[in-house]
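Asks: Top to bottom, those sequences are chains A and B. Here the first sequence stands for residues 1 to 400, numbered as in this note's numbering. Here the second sequence stands for residues 401 to 748, numbered as in this note's numbering.
Quick caveat, the hints were computed from the structure, so don't treat them as lab data. Beta carbons are placed, not taken as given, at the ideal position from N, Cα and C, and that holds for glycine. Careful, some of the hints might be misleading.
Unchecked claim - Computed far set for chain B versus chain A, every beta-carbon distance over 10 Å: (1) ASP408; (2) ASN422; (3) LEU443; (4) GLU508; (5) ALA578; (6) ALA592; (7) PRO630; (8) TYR650; (9) ALA651; (10) ALA653; (11) GLU667; (12) VAL679; (13) TRP714; (14) ASN718; (15) THR746.
As the list claims (entries may be wrong) - Mimicking SDA-like on lysine to any residue, the simulated pairs with C-alpha atoms at most 25 Å apart in a straight line are: (16) LYS148/A / GLY465/B; (17) LYS689/B / LYS727/B; (18) LYS275/A / ARG729/B; (19) LYS727/B / ALA17/A; (20) LYS689/B / THR330/A; (21) LYS2/A / LYS689/B.
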Amino acid sequence: MKLSFSPEDEQFRQEVAAWLQQNLTGEFEKLRYRGGPGDEHMFPEERKVWERKLAEGGWTCVGWAKEYGGRGCSIEQQVIFFEEYARAGAPGRVGHIGEGLAGPTIIAFGTQEQKEKYLPGIVAGTQLWCQGYSEPSAGSDLANVKTKARFDEARGKWIINGQKVWTSLAHESEYCFVIARTEPDSVAHKGLGFFLIEMDQPGIEVRPIEQITGTSEFNEVFFDDAVCDAGDIVGAPGDGWKVAMGLLGFERGVSTLGQQMQFQNELDEIVRLAKSNGAAQDPVIRQRIAGAHAELKIMRYNSMRILSGQSGSDGALQKEALIYKLFWSTWHRSLGELAMDVLGPECEILEDGPYELSRLQSMYLFVRADTIYGGTNQIQRNIIAERGLGMPREPKGAAK
Amino acid sequence: MDFTFTEDQLLFQESVRDFLQNEVTCERIRASWETDSGRDTALWNQLVELGLTGMTVPEEHGGLGMTELDFVLLAQECGYVALPEPLVHTVMVAVPMLNELGGELAAEWLPKIAAGDARVVVGLQQCLLVEDAHIADLLLLQQGNVLVAATADQVFLKHNESIDPSRKLFSVEVQAGAQQIAEGEQAATCVANALNRGALGCAAQALGLAQRMVDLSVQYTSERQQFGKPIGSFQAVKHHMANVAVQLEYARAPTHRAAYAIANGQELAAYAVSHAKIVACEAANLAAKNSHQVHGAMGYTWEMDLHIFMKKAWALANTWGDTGFHKSRIGDRIFAPRAALGAGATFA
Chain A
1 MKLSFSPEDE QFRQEVAAWL QQNLTGEFEK LRYRGGPGDE HMFPEERKVW ERKLAEGGWT
61 CVGWAKEYGG RGCSIEQQVI FFEEYARAGA PGRVGHIGEG LAGPTIIAFG TQEQKEKYLP
121 GIVAGTQLWC QGYSEPSAGS DLANVKTKAR FDEARGKWII NGQKVWTSLA HESEYCFVIA
181 RTEPDSVAHK GLGFFLIEMD QPGIEVRPIE QITGTSEFNE VFFDDAVCDA GDIVGAPGDG
241 WKVAMGLLGF ERGVSTLGQQ MQFQNELDEI VRLAKSNGAA QDPVIRQRIA GAHAELKIMR
301 YNSMRILSGQ SGSDGALQKE ALIYKLFWST WHRSLGELAM DVLGPECEIL EDGPYELSRL
361 QSMYLFVRAD TIYGGTNQIQ RNIIAERGLG MPREPKGAAK
Chain B
401 MDFTFTEDQL LFQESVRDFL QNEVTCERIR ASWETDSGRD TALWNQLVEL GLTGMTVPEE
461 HGGLGMTELD FVLLAQECGY VALPEPLVHT VMVAVPMLNE LGGELAAEWL PKIAAGDARV
521 VVGLQQCLLV EDAHIADLLL LQQGNVLVAA TADQVFLKHN ESIDPSRKLF SVEVQAGAQQ
581 IAEGEQAATC VANALNRGAL GCAAQALGLA QRMVDLSVQY TSERQQFGKP IGSFQAVKHH
641 MANVAVQLEY ARAPTHRAAY AIANGQELAA YAVSHAKIVA CEAANLAAKN SHQVHGAMGY
701 TWEMDLHIFM KKAWALANTW GDTGFHKSRI GDRIFAPRAA LGAGATFA
């Protein structure tokens, strides 16, 4: 066990910090601390320019192997990159779904042709991705996907029909990865395919969903004879569930670090606020802040532990990554409540009309989604108890 | 950066786990409740033979010369079986205090501890009572601003019954002849370090206790049937255990981090220990509460083993610094004027 970074790694830290200091200036100054989860609607165009700026400096996909256009950073360097990125207050990444999910999936399961076609656009920060999983009748029961993919022999293309929902950033994205049923009469996780679909085509319509924040980050996406090239299915028809589940594994690795750094910035803002408005004198607020700090520290330690390959080997829950979603989402929801309690009576007063929320107000509302999307807390507890602890499975209704 | 244990450390844990689970059964613990001392000399001798009492004794004094980081996984295993013998106290608190004091005292007593010829206990004012004073050959006691060393014939003991029948607690009155061994800053440092190590020992044992209660509950709810199904298949039951699994899993890293901080003499050890003590004891108390709930009425009986672990978890949560004490140490650090917080401070 060695809980510190080497001198070479600290030198890398200087390099990251220096680049950010030189480049997060001028037109990008206003992006500081903006555009994270719940704040995605802020400055989308400017953040796209920033994404390309990052790419020019070689700071996108830092953990990818060099052969795929990445920087080939070690785990330590990736940790440091995310730390410094957050410390500089650099904005929420518009390219995170491509870099964190689509890209690693294509690298792991894709063909050479798919790698050549899609990876360079992700690395360059010019092509953004969204995730087409949930449907109106496939929420917690994700395998109940109804969207259909039919191969049209005459045109040599897949034809997609159906509807996706809660699709983050669909309105900003060039591509969407979609799970759809390739075998019409199949049920549950059998008979699905994993498709890479271009968004800008007549068969796709994106409708924003207005959220309780008054803004729209999620969308409905309608597929009406949308087309997808024969070469744009990842894995074989019928293997879509395997690919989709493989992708979820990427959500629990290094990409957790960026999220935790965002949390750290939010907590730091709350601590600053509590010190300045006197709330920090209140012993109850003080203890809650201390508790939030301690729990965030736990998330960071655990990411380090998982990334150093420790998970499971010391009697831990073998599938300990299962618990991360439940823990962070519950923590974040409490952080929103804490932020409002630190603000006191001011918490209900908006920055400006019409319905312009402060960053903390926006966070307070957005965290209500955290305990629901990506598997509700209740679904997470089922998974932890059944797969983690080995408790008896709940009888399920017959699939229709 | 490496947040893992070595293969040797994990192998050692495995062999000690096997030994403890074979030897320290619930029947044996219940039998010890019926004896006067509550202690099992045969078992202690086995621990000595395995080299465990001398783990943190330096090699020149006949020990293994290992650190708190090497021992923390073993302390978890001691918790898992609710070991009544004061092994964690010996290795984590008594021996390190003698190491710190050094000199003739260390040269005389450390080899005896490693060889199983003597037992030494530490008593701090923060803990009110002294654990296992009745079997100690030497007691290192905080008396205000000084530390004294008293042999068994230099103390008068009064037994205080614990809610956990395995714990033996005593108020200690020092008689004439006891020797002052440290004062002023040295004494204060020794006391502070002992408190941190004792609290770390509680945290590690709490992890083991929580794991044991989870295992007992998973087994019970998989077997017990109601409405024609194992009760563990019902969400209302399994969610209780999932909540414990989360708390428990996430209490491990802070505990290991604290052991690392102590073993490496890091300035933040006190804060890291407080963090570990709070989350590990909270996990154990939640495990106790939810395990009782899912065991139904059976868990309320003296006959069921659950209370052996629940009572120890409860006792550990409030000794070696209670929750309020440890929470305020964390708060003080976070609200300090130039606190090392922020995104760059992962290991600060």
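Asks: Which numbered hints does this structure break?
Replies: Per hint list: 7, 8, 9, 10, 12, 15, 16, 19, 21 violated.
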